[in-house]
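Q: Chains as they are written, first to last, in our numbering: chain X, 1 to 137; chain P, 1 to 137; chain G, 1 to 137.
Source of the hints: derived by calculation from the structure; they are not laboratory data. Note that the coordinates shown come from a computational prediction; the quantities given were computed from them, not determined experimentally. One thing to keep in mind: the hints can contain errors.
Claimed, not checked - Below, a list of computed lysine-lysine pairs in the DSBU-like style, where the Cα atoms sit at most 30 angstroms apart: (1) K72(P) <-> K14(G); (2) K13(G) <-> K72(P); (3) K103(G) <-> K14(G); (4) K72(X) <-> K103(G); (5) K69(P) <-> K30(X); (6) K30(P) <-> K103(G).
These are the residues of each chain, in order.
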Amino acid sequence: MVPEMEFIISTTKKQELVDITHQVEGSLAKSGVNDGLCNVYVPHATAAIAINENADPEITLDIIDALDKMVKEGGWRHDRIDNNAASHIKAAIVGPSANIPVKEGRLQLGRWQDIFLCEFDGPRERKVIVTVTKQGR
Amino acid sequence: MVPEMEFIISTTKKQELVDITHQVEGSLAKSGVNDGLCNVYVPHATAAIAINENADPEITLDIIDALDKMVKEGGWRHDRIDNNAASHIKAAIVGPSANIPVKEGRLQLGRWQDIFLCEFDGPRERKVIVTVTKQGR
Amino acid sequence: MVPEMEFIISTTKKQELVDITHQVEGSLAKSGVNDGLCNVYVPHATAAIAINENADPEITLDIIDALDKMVKEGGWRHDRIDNNAASHIKAAIVGPSANIPVKEGRLQLGRWQDIFLCEFDGPRERKVIVTVTKQGR
């Protein structure tokens with residue numbers, strides 16, 4: 001039996017980066033894998049997974065601002081249907097998953113790295129799926 | 001023996017996003033893996049793999065337009081050699097692969113997610129490689 | 001015992017893309033895996049891993065220029081603390097890892113693809129972690 005390794009994050013803003021490192025570590029512990037690769041996946045088309053600095057929370061606001069400058073709101077074809085084209089474009093660029101090496105049961109994140117759920121069209125409930133594959137020998 | 005899990009997509013435009021979810025599902029079925037991680041990889045430097053909405057096909061045109069605004073055509077060093085620098089830059093930013101969790105033999109794509117081959121310098125024949133690794137216990 | 005599969009790259013510029021394909025191939029050889037997935041991960045929040053063309057070295061300068069245009073220097077909140085916000089934003093967009101399929105012990109890179117460490121805040125010593133997971137059957 002493969003353990004259930006999913007959790008839900010309820011975002012509270014239109015756009016925000018939510019640190020989910022702790023929840024991913026909880027899923028990893030359940031996996032029973034000591035050495036391998038941990039994939040963190042968000043099954044939503046207006047959200048993404050990113051890895052970046054954890055120490056200064058303002059960096060997450062800078063990342064949102066930078067993406068807002070790259071992908072302006074309004075004027076997209078999809079806005080006629082759902083009015084959230086910019087959210088989809090940002091999600092496609094950042095991507096729905098990240099992979100982190102696992103060694104002796106621990107995520108090999110750098111000292112300044114944490115894992116973030118990127119909400120681009122909230123507030124919503126977002127599912128996160130954690131999959132841990134084993135290092136080969 | 002590991003089964004052959006590759007397929008070819010013939011793109012028809014200079015730039016387009018081609019939905020390859022069905023072909024990836026076919027490769028996954030051949031892998032015999034029930035629980036794990038499915039990697040979709042394009043071994044080309046002017047193409048990429050993205051995951052995004054499938055319901056409104058116009059979102060794929062919006063994504064191409066957004067990348068065109070971020071990475072303007074012309075004026076790059078590499079254009080003197082091959083005249084496709086913008087295609088390379090877009091491919092580097094979006095990235096050549098995506099990973100999707102697999103559970104009970106099925107891709108855990110969200111309701112609004114499909115897998116797309118991003119052509120940035122077509123029309124061309126593009127190879128796609130599918131690799132499925134097993135969840136550890 | 002899982003073999004040590006890490007190496008250090010000393011970058012020499014503020015920003016550069018360093019080709020690390022040869023080092024990754026060395027780690028892959030030590031892994032003993034013939035068929036699977038090779039993950040290349042950088043545990044730093046101002047560096048990234050990208051895959052792109054190897055033949056014309058100027059493409060790496062074009063990629064740096066394109067990111068500089070997308071993410072301008074200065075004016076970010078995090079600059080008040082560390083003056084490297086743009087480096088963090090670029091790292092978050094490009095991402096800290098890449099995955100390459102492995103077949104018969106060889107990376108399935110395309111003819112025009114190599115693996116690059118992207119330095120956005122150098123010169124520094126950067127660690128790269130290689131993890132190889134086995135294809136399931």
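Q: Could you grab the alpha-carbon distance between K13(G) and K72(P) and see if it respects the 30 angstroms cut-off?
A: Distance of about 26 angstroms is within 30 angstroms: holds.
Q: Is K72(P) within 30 angstroms of K14(G), Cα to Cα?
A: holds (24 angstroms)
Q: Regarding the pair K30(P) and K103(G), is the alpha-carbon distance no greater than 30 angstroms?
A: Distance of about 16 angstroms is within 30 angstroms: holds.
Q: For a C-alpha distance cap of 30 angstroms, please report whether K103(G) and K14(G) respect it.
A: Violated. K103(G) to K14(G) sits at ~36 angstroms, over the 30 angstroms cutoff.
Q: Are the Cα atoms of K69(P) and K30(X) separated by 30 angstroms or less?
A: violated (44 angstroms)
Q: K72(X) and K103(G): Cα distance at most 30 angstroms?
A: violated (42 angstroms)
Checked against the numbered hints above, the structure breaks hints 3, 4, 5 and satisfies the rest.
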